[in-house]
Amino acid sequence: MLLRFLLAAATIAVFIAAGSLLPARAASLETLLAELPEGGYDERAAVVTAIAGTGDDRAVALLEALAEGDLRQMKDGGQIVRVVREGRTHTAFDPLTGAEIGEISSRAASKIRVNNKLRRAIAAALGQLTLASPDRARRLAAAASVLKTGDPEQIEALDAALETETDPEVRTAFMDARAAAVLNAARPTAEKVAAIAQLAGRNDPQVLSIITAATTSDEPAVAAAAADALDRIEQARAAWGAVQNVWYGLSLGSVLMLAAIGLAISFGVMGVINMAHGELVMLGAYTTFAVQELIRSFAPGLFEVSLLIAAPLAFLVAGAVGVGIERGVCRYLHGRPLETLLATWGISLILQQTVRSIFGPTNQQVGNPDWMSGAFEIGQLTITWNRLWILLFALAVFALLLLILKRTPAGLQMRAVTQNRRMAEAMGIRSGWVDALTFGLGAGIAGLAGVALSQIDNVSPNLGQSYIVDSFMVVVFGGVGNLWGAFAGAFTLGIVNKFLEPYAGAVLAKVLVLVFIILFIQRRPRGLFALKGRAVES
Amino acid sequence: MKSVNTTIRGLALAATLAAGLGAGAKAEETIKVGILHSLSGTMAISETTLKDVMLMLIEQQNAKGGLLGKKLEAVVVDPASDWPLFAEKARELIEVNGVSAVFGCWTSVSRKSVLPVFEELNSLLFYPVQYEGEESQRNVFYTGAAPNQQAIPAVDYLMQEEGVERWVLAGTDYVYPRTTNKILEAYLKSHGVAAEDIMVNYTPFGHSDWQTIVADIKAFGSAGKKTAVVSTINGDANVPFYKELGNQGIEAQDIPVVAFSVGEEELAGLDTAPLVGHLAAWNYFMSAEAEANDAFIEAWHAYIGDETRVTNDPMEAHYIGFQMWVEAVEKAGTTDPDAVIDAIVGVTVPNLTGGYSAMMPNHHITKPVLVGEIQDDGQFETVWETSGLVVGDAWSDYLPDSKDLISDWRAPMSCGNFNTATGTCSSAAN
Numbered sequence: 270m271l272l273r274f275l276l277a278a279a280t281i282a283v284f285i286a287a288g289s290l291l292p293a294r295a296a297s298l299e300t301l302l303a304e305l306p307e308g309g310y311d312e313r314a315a316v317v318t319a320i321a322g323t324g325d326d327r328a329v330a331l332l333e334a335l336a337e338g339d340l341r342q343m344k345d346g347g348q349i350v351r352v353v354r355e356g357r358t359h360t361a362f363d364p365l366t367g368a369e370i371g372e373i374s375s376r377a378a379s380k381i382r383v384n385n386k387l388r389r390a391i392a393a394a395l396g397q398l399t400l401a402s403p404d405r406a407r408r409l410a411a412a413a414s415v416l417k418t419g420d421p422e423q424i425e426a427l428d429a430a431l432e433t434e435t436d437p438e439v440r441t442a443f444m445d446a447r448a449a450a451v452l453n454a455a456r457p458t459a460e461k462v463a464a465i466a467q468l469a470g471r472n473d474p475q476v477l478s479i480i481t482a483a484t485t486s487d488e489p490a491v492a493a494a495a496a497d498a499l500d501r502i503e504q505a506r507a508a509w510g511a512v513q514n515v516w517y518g519l520s521l522g523s524v525l526m527l528a529a530i531g532l533a534i535s536f537g538v539m540g541v542i543n544m545a546h547g548e549l550v551m552l553g554a555y556t557t558f559a560v561q562e563l564i565r566s567f568a569p570g571l572f573e574v575s576l577l578i579a580a581p582l583a584f585l586v587a588g589a590v591g592v593g594i595e596r597g598v599c600r601y602l603h604g605r606p607l608e609t610l611l612a613t614w615g616i617s618l619i620l621q622q623t624v625r626s627i628f629g630p631t632n633q634q635v636g637n638p639d640w641m642s643g644a645f646e647i648g649q650l651t652i653t654w655n656r657l658w659i660l661l662f663a664l665a666v667f668a669l670l671l672l673i674l675k676r677t678p679a680g681l682q683m684r685a686v687t688q689n690r691r692m693a694e695a696m697g698i699r700s701g702w703v704d705a706l707t708f709g710l711g712a713g714i715a716g717l718a719g720v721a722l723s724q725i726d727n728v729s730p731n732l733g734q735s736y737i738v739d740s741f742m743v744v745v746f747g748g749v750g751n752l753w754g755a756f757a758g759a760f761t762l763g764i765v766n767k768f769l770e771p772y773a774g775a776v777l778a779k780v781l782v783l784v785f786i787i788l789f790i791q792r793r794p795r796g797l798f799a800l801k802g803r804a805v806e807s
Numbered sequence: 510m511k512s513v514n515t516t517i518r519g520l521a522l523a524a525t526l527a528a529g530l531g532a533g534a535k536a537e538e539t540i541k542v543g544i545l546h547s548l549s550g551t552m553a554i555s556e557t558t559l560k561d562v563m564l565m566l567i568e569q570q571n572a573k574g575g576l577l578g579k580k581l582e583a584v585v586v587d588p589a590s591d592w593p594l595f596a597e598k599a600r601e602l603i604e605v606n607g608v609s610a611v612f613g614c615w616t617s618v619s620r621k622s623v624l625p626v627f628e629e630l631n632s633l634l635f636y637p638v639q640y641e642g643e644e645s646q647r648n649v650f651y652t653g654a655a656p657n658q659q660a661i662p663a664v665d666y667l668m669q670e671e672g673v674e675r676w677v678l679a680g681t682d683y684v685y686p687r688t689t690n691k692i693l694e695a696y697l698k699s700h701g702v703a704a705e706d707i708m709v710n711y712t713p714f715g716h717s718d719w720q721t722i723v724a725d726i727k728a729f730g731s732a733g734k735k736t737a738v739v740s741t742i743n744g745d746a747n748v749p750f751y752k753e754l755g756n757q758g759i760e761a762q763d764i765p766v767v768a769f770s771v772g773e774e775e776l777a778g779l780d781t782a783p784l785v786g787h788l789a790a791w792n793y794f795m796s797a798e799a800e801a802n803d804a805f806i807e808a809w810h811a812y813i814g815d816e817t818r819v820t821n822d823p824m825e826a827h828y829i830g831f832q833m834w835v836e837a838v839e840k841a842g843t844t845d846p847d848a849v850i851d852a853i854v855g856v857t858v859p860n861l862t863g864g865y866s867a868m869m870p871n872h873h874i875t876k877p878v879l880v881g882e883i884q885d886d887g888q889f890e891t892v893w894e895t896s897g898l899v900v901g902d903a904w905s906d907y908l909p910d911s912k913d914l915i916s917d918w919r920a921p922m923s924c925g926n927f928n929t930a931t932g933t934c935s936s937a938a939n
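From first to last, the protein sequence lines stand for chains B and D. Residue 571 in our numbering sits at position 302 of the first sequence, and the numbers go up by one each step. Residue 920 in our numbering sits at position 411 of the second sequence, and the numbers go up by one each step.
Simulated from the structure, these hints should not be mistaken for laboratory data. A couple of the hints might just be wrong.
What the hints assert, rightly or not - Keeping only pairs whose Cα atoms sit at most 25 Å apart, straight-line, the calculated BS3-like set for lysine-lysine is:
1. D/Lys-691 with D/Lys-735
2. B/Lys-417 with D/Lys-698
3. B/Lys-386 with D/Lys-734
4. D/Lys-573 with D/Lys-621
5. D/Lys-840 with D/Lys-573
6. B/Lys-386 with B/Lys-417
7. D/Lys-698 with B/Lys-779
8. B/Lys-417 with D/Lys-727
9. D/Lys-734 with D/Lys-691
10. D/Lys-840 with D/Lys-579
11. D/Lys-691 with D/Lys-912
12. D/Lys-912 with D/Lys-621
13. B/Lys-386 with D/Lys-735
14. B/Lys-344 with B/Lys-380
15. B/Lys-417 with D/Lys-735
16. D/Lys-912 with B/Lys-779
17. D/Lys-698 with D/Lys-734
18. D/Lys-580 with D/Lys-912
19. D/Lys-912 with D/Lys-698
20. D/Lys-727 with D/Lys-698
21. D/Lys-727 with D/Lys-691
22. D/Lys-735 with D/Lys-698
23. D/Lys-727 with B/Lys-386
As the structure is a computational prediction, the values presented were derived from the model and not from experiment.
Start from the sequences and build out the full structure, keeping to the hints where you can.
In structure tokens:
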């Protein structure tokens, strides 16, 4: 009995010793997996590295599941499972074999916690494992992760990978990653200088920080080369800075124009100061939200085109509300700007509170389709897809509006009423209907703006408020009742704002723009493009 | 038509009278609790939820038999995100409705606006939101976090666990971010961070065009040192900020953003997949594993009738504040403000993260500090927490003006800003 006890104790002691003394590399994937939930993030990062070190084929899928946060430990028995969530059901799988274990309740297993540090360790480990992956995207991702870590131990693996790699883009990525690793390795100075030259060809922030770090190198030649490369990159950046500001300005301008152009029409034609304009924008955004919700529950496949479906609907919804406001309220207040202003302001509060009562006061989530997400780079300039599409959308809306005003009978009537209401009436134009149509058109455009804004701003009942002041600013600056005025005004203000912002900060930039407008209006009370005509004179 | 109109008017008048009489008759039997949260305007997005949670807590307390043998009655007013209106509505609650305590305010400016009212009329305010500190008032109980219960531990986490050496302090341009950033700047410098490694940036309320600032952060972060963003950006402006971060490809693994004003409620309006790994520091997360929390979430979902609604930190603060007030009233045997103020110091109640919170003599409470990472389901996963409870510090130790000040509302000191260097209590009350 005693002997057996001693034997057992000795065995346990040996196991403990093996666990603590032997390098984790020798352990199998199964034992390492069991260690994953334990200890601090540092220790667990070491386990991740060890998992990658096993060279086991199953390691990649395991680490990916860990990074995704899909690994959980059963509270009962401590078994580690990979959980796939679908709605409210959680299904457990064996993380190594992939065999299905069965459905579990969400509270039965606790998640294996992953933080940024661990995610970095996983990315580095995966990079090491997937350098030779047959999948091109994976090899690129692997190169990017090695570039990030600059781990000198990866040089050999990269050299091996470079020998077989034929894809030019992946080759460059490998070379860059190798260069980053070389800078951290004990390699000859010449090789490091060459590495800096290799890296300097790229111009993303990642590389910039590697080169900046190299400027403090102990080897003077390396430090000098890095400082040189840094200088060149900085110069290029300064040159691109101006381009970047112009782009940001155009993008801000397009948002301003979308928000303001509807106002320019109703303000211009009818002289109605529509304080509810912002809320019409908000209605457009909520229409997008409602469309997306319906698509999510009935036709998830259509999500990518949800915005295209939402746009005409938003136009109709906001347009109908606009016509309603005109026929129900503004018509009776014709020629009394102050009363109209107050009445429409009241309507804006009613609309806000109605939306708040129906949808709740919290932000609603409007998803970005894939073609609206992410960014691409031109030189040093990062252009985000959503901003680019919004700019194009704004230009398209503008062109369409010009077409309506200049080439259709309705547009002709609108222009006639704008220029001289009484003369137009004398010519047989029913100015009442033109008013309703114009107001509806302006409101519909506001709805379209809402669709665009739902992609960059939060969809809440307050959405409109933040744009109304800017919209008026654009209209007044550009010249009342003139589309080209709104166009030029929006883009001028956008660009001026973005050039001021880096120097003055966002708060002061806005103040300066307002001061600029005040001064400008003193000189030219009718804005950039003043309308001419009898009605204006009177 | 006229007769119909008259009838309606008559009915309305009768209803008003009945309501007035009803309220008058009931006043003897109920204890009134004021709820001072904006239900319209900019802040409605955050504050409406707090009004609902207070109504739920009062209903629960009534189900348990009320307080001192009387039922509690909620009096809800809407200060409409209008700061001076907060003061008027607070006065109305206390003078006209005769409430025993008020739970309310969100923004610091609204709190500052009501402070004189509570002092003058000697009533109680429970303030549930994290704030900038530098204040301790006899009539106010701060159940949200002071800077040392949120900002400083979060920065510690980033320094120790993430090895951050370069800091962007980005905030909305008003008192909370400015004071918090002032404290953080002093704290970082005391830990050897050079001035050129700190970038401070302020934006207007509701800022929606983040392109330039995010590009600046990206450039600032590429100087070869680990960089993090400490965000005190308020409410609405967060959604476009995070969207821009995601679109410009700033990942949490490269430049993590730790936010002090972003909770579950704010994330509800966002697709969080690109944000996984960005951080927030709070004293409560909906994902906290504790039985009290499970029960609270269940009760909340049942009350609001919507399974998808989230819970957040200020809700927990109201939960704690309300329990504390109930316990203090029971201890004092009366709702008289002076008695409650004396009784509440030292009151300890369970919080929702599985521990206890106590009311300290400086009218701040003890809390655990949690750092969580955003998950793809819109929840936070706690990645770090303080080992014990942290006592809220009314006066920051890192600002030269306030480092000698302490606050203790117990007799005999009864002072909100006692200067330990000069040994005097400054007469200015807050």
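Exercise for the section: Go through the numbered hints given earlier and state which of them the structure violates, listing their numbers in rising order. Expected result: The structure conflicts with hints 2, 4, 7, 16, 18, although it agrees with all the remaining ones.
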